[in-house]
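A.B. asks: As given, the protein sequences belong to chains A and B, one line each in that order.
Using the working numbering, the letters of the first sequence map in sequence onto residues 1 to 274.
Using the working numbering, the letters of the second sequence map in sequence onto residues 1 to 270.
Since the hints were derived computationally from the structure, they do not count as laboratory data.
In this text the structure is predicted, and so the values were computed from the model without any measurement.
There's no promise every hint is true.
Some chain B residues flagged as far from chain A (calculated, every beta-carbon gap over 12 Å) [to be verified]: (1) R15; (2) W47; (3) M64; (4) Y71; (5) I171.
Simulated restraints on C-beta separations [stated by the list, open to error]: (6) A:G187 x B:K14: 49 to 59 Å; (7) B:L22 x A:P33: 16 to 26 Å; (8) B:P196 x A:G52: 20 to 30 Å.
Note that the Cβ used here is the ideal one computed from N, Cα and C, for glycine as well.
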Amino acid sequence: MSALPARTAASLKGQPWRPAPLIRQPWLRWGLPLLGLAYLVAAFSTISVDWGRVARGLDRARTVFGGFLTPDFLSRWEFIQLGILESLAMTVAATALGIVLSVPFAFGAARNISPLPVYLACRAVVAAGRSFQEIVIAIFFVVMVGFGPLAGALTLAFATIGFLGKLLAEEIEEIDPRPLEAVRATGGSWLQQMAYGVVPQVLPRFVGLSVYRFDINFRESSVIGIVGAGGIGGALNTSISRYEYSTTAAILIVIIAIVLLTEYASGIIRKRVQ
Amino acid sequence: MPTYVVGRERVWRKRTPRQTLLAYLGYLLGAIAVLVAARFISGQTLWFFVLDAPEQAADLVGRMFPPSWGYANRLWRPLWDTLNIATIGTLAALVVSVPVAFLAARNTTPHPLFRQLALVVIVTSRSVNALIWALLLVSIIGPGVLAGIIAVALRSIGFCAKLLSEAIEEIDFKPIEALDSTGASGSQVVAYGIVPQVAPAFAGISVYRWDINIRESTVVGLVGAGGIGLPLDASIASLQWSQATVIFVMILVLVVISEWVSAKVRGAIR
Numbered sequence: 001m002s003a004l005p006a007r008t009a010a011s012l013k014g015q016p017w018r019p020a021p022l023i024r025q026p027w028l029r030w031g032l033p034l035l036g037l038a039y040l041v042a043a044f045s046t047i048s049v050d051w052g053r054v055a056r057g058l059d060r061a062r063t064v065f066g067g068f069l070t071p072d073f074l075s076r077w078e079f080i081q082l083g084i085l086e087s088l089a090m091t092v093a094a095t096a097l098g099i100v101l102s103v104p105f106a107f108g109a110a111r112n113i114s115p116l117p118v119y120l121a122c123r124a125v126v127a128a129g130r131s132f133q134e135i136v137i138a139i140f141f142v143v144m145v146g147f148g149p150l151a152g153a154l155t156l157a158f159a160t161i162g163f164l165g166k167l168l169a170e171e172i173e174e175i176d177p178r179p180l181e182a183v184r185a186t187g188g189s190w191l192q193q194m195a196y197g198v199v200p201q202v203l204p205r206f207v208g209l210s211v212y213r214f215d216i217n218f219r220e221s222s223v224i225g226i227v228g229a230g231g232i233g234g235a236l237n238t239s240i241s242r243y244e245y246s247t248t249a250a251i252l253i254v255i256i257a258i259v260l261l262t263e264y265a266s267g268i269i270r271k272r273v274q
Numbered sequence: 001m002p003t004y005v006v007g008r009e010r011v012w013r014k015r016t017p018r019q020t021l022l023a024y025l026g027y028l029l030g031a032i033a034v035l036v037a038a039r040f041i042s043g044q045t046l047w048f049f050v051l052d053a054p055e056q057a058a059d060l061v062g063r064m065f066p067p068s069w070g071y072a073n074r075l076w077r078p079l080w081d082t083l084n085i086a087t088i089g090t091l092a093a094l095v096v097s098v099p100v101a102f103l104a105a106r107n108t109t110p111h112p113l114f115r116q117l118a119l120v121v122i123v124t125s126r127s128v129n130a131l132i133w134a135l136l137l138v139s140i141i142g143p144g145v146l147a148g149i150i151a152v153a154l155r156s157i158g159f160c161a162k163l164l165s166e167a168i169e170e171i172d173f174k175p176i177e178a179l180d181s182t183g184a185s186g187s188q189v190v191a192y193g194i195v196p197q198v199a200p201a202f203a204g205i206s207v208y209r210w211d212i213n214i215r216e217s218t219v220v221g222l223v224g225a226g227g228i229g230l231p232l233d234a235s236i237a238s239l240q241w242s243q244a245t246v247i248f249v250m251i252l253v254l255v256v257i258s259e260w261v262s263a264k265v266r267g268a269i270r
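The following block holds chain B by itself, in its conformation from the complex:
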């Protein structure tokens, strides 16, 4: 942090003139990027339709209330499906992500080539949204809960494997050396040296991902992959907004419960 002599006093500055200039240049570039983006969006927008947005919003709220609560009775089955998509999808993803994580972790991978392969799996799975997986799967194996389960699982593999491999890379090697020195076999080293060290992280990651998957599984139905998104799509398509309100309330309750469960379990692990 430089100081300068101004008149008779020494003045403190946070940055050198060069750093100040670079910072302002950065702000300028950022501002230009935002303006260009805003102009582009504005060019793609029919402002005529935007002008009546307040009326549209008021109209929408008018249609949404009062909610037709009777519709809730037909939603228990989709709600159960949503829960299953999230839970079974998470379980399937965990089964696949454990070997992928061990291959991707620097200290447990058998060969750097396997590591690169595992990283490609992780990146592909993480970059593609569950809804896109669902779109693809619905067109391959047809609409239904199964497509939703596989979509949620495919999206979760990368997430779980990445976090788990980071946990594996952080383990302490002393217990493993100790086991080695007693003549333990490879599987015994894994069971008593590695697993106990990563088990808490594994449990935390599983519950965290399950919580996220509950949210994901509420919308995969919008593209036909089962769960409560299916009646939501149907209600919106037929402009039954008072039914949609009931579905939104149910989603909200489900999300709040799953977040509470996940926070409780993660709190108990720590």
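Here chain A stands alone, though its shape is the one from the complex:
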């Protein structure tokens, strides 16, 4: 605490007290805001905005919000219904598949229980699943298996492996090693070590993460339809490009309602297991 005596001395001399600066080094304290300012100037000066188009858009904004005030569930109901069913089916199937597939990758990607080559291979798969947005992965699966919810389900399952694999692996790396060692000391096989030394320690967290991922998968299932991977996103995209904003509003309301429902349910489940 070398900074304290100087400040105490200053306050003794009758100068008003000042709170300690957030950043100790003066050059960093002044340099960072300057750098930030320089970046903002550079950023704003290079953003090209067609203000004429924006001004005309404000007119259109009135139509959009007018449409939002009168949501129309009926005239495109078949599309909305099919899209929502597809989204839900994709979410359920992909979450289940993703959970099952993520477990071996998570065990492989935990440094404390897997050998280095396995660890590196599993980490690579997990990192690939996490680095790209769902919609980019969806483009690949659509090329491979064609348009429709199968591509969407595979996309979400792949992304689920990345998400659960990483977080579960981190959880496994933080376990208490003593129960594992105890099982090993009694001569337990590798499978028994995992089942009695590792699984009980990470199970509650795993259930919580899986339920959380179910939420995320539903949200994502509402957009990957934009590139043709099934779900409500396709209907949403169509309604916007046809300027049927009342239908858009109806779809958004349905999405928000389902998100709220799943979030509420997952909140209850997570509270019970943790």
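We have chain A; now place chain B onto it with these hints.
C.D. replies: Okay, now just chain B, sitting in the frame of chain A:
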């Protein structure tokens, strides 16, 4: 945890018979749901097109390699736009989310009615994906970086406001009482009692959301909202997969850097 007498021994069981039955019922329902979902998806799928998936994949990889690295020279501007969409979008979202968070936090909201209103804002913003916001905005204000910035900002408001309001709800009230007892004004209480307590959480949330927004801003271009998604969309639409590879590599590098920065900054705050 019940025990039972079987023969002469007492046997330990994890669950009562009733709990066991309920657990199996739960598994059964889950399995049925998955099967129904799988059947539905299968019904919506043209399996004829799925059968040649391995050939399609091999063909795709063949087109993607070798990457046409020369294309990278035309990507610096979209990359800069992507960075700007994420950064300015995050800043705009923070400006809006601070008042929303104070309204949404139980201990700082002026009236429960304001709290409900703030919660509606948070839920709406969080439930709708940035890409959907981008679709809407592109159709309102036209394609371009501005639509991307606003889309990213709208999606981030709910996220930041929710986490920040939770941080505000967890503050310690003793410093505030102490300030009150010295006769501090309302703004002084906020500045010296509340802000220092939530500032670390605020900084952490900002950087975390910025990291997420870098990822989001790489794809909003797919619907026309600027950034590196625009050339990606163009490359895929014209089947220039060797160009798409270059873009994927750039996205990967950008995401890795932003994740590293975010982890470093959050580590420094703690």
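A.B. asks: Hint by hint, say whether it matches the structure.
C.D. replies: Each hint tested on the structure:
1. At roughly 14 Å from the closest C-beta of chain A, the C-beta of B:R15 stays outside 12 Å, upholding its exclusion from the interface.
2. With a least beta-carbon separation of about 9 Å from chain A, B:W47 fails to lie farther than 12 Å from that chain, contradicting its non-interface assignment.
3. Residue placement check: B:M64 does not keep its beta carbon more than 12 Å from all beta carbons of chain A (closest about 10 Å).
4. Consistency note on B:Y71: stated as away from chain A, and its beta-carbon is indeed over 12 Å from all of that chain's, at 17 Å minimum.
5. In this structure B:I171 is separated from chain A by more than 12 Å, as the shortest Cβ-Cβ distance comes to about 17 Å.
6. Separation of A:G187 from B:K14 is about 23 Å and departs from the stated range, judged on CB atoms against 49 to 59 Å.
7. Remark: the range hint 16 to 26 Å for B:L22 to A:P33 is contradicted by a beta-carbon distance near 59 Å.
8. In this structure the hint that B:P196 and A:G52 lie 20 to 30 Å apart at CB is violated, the actual value being about 46 Å.
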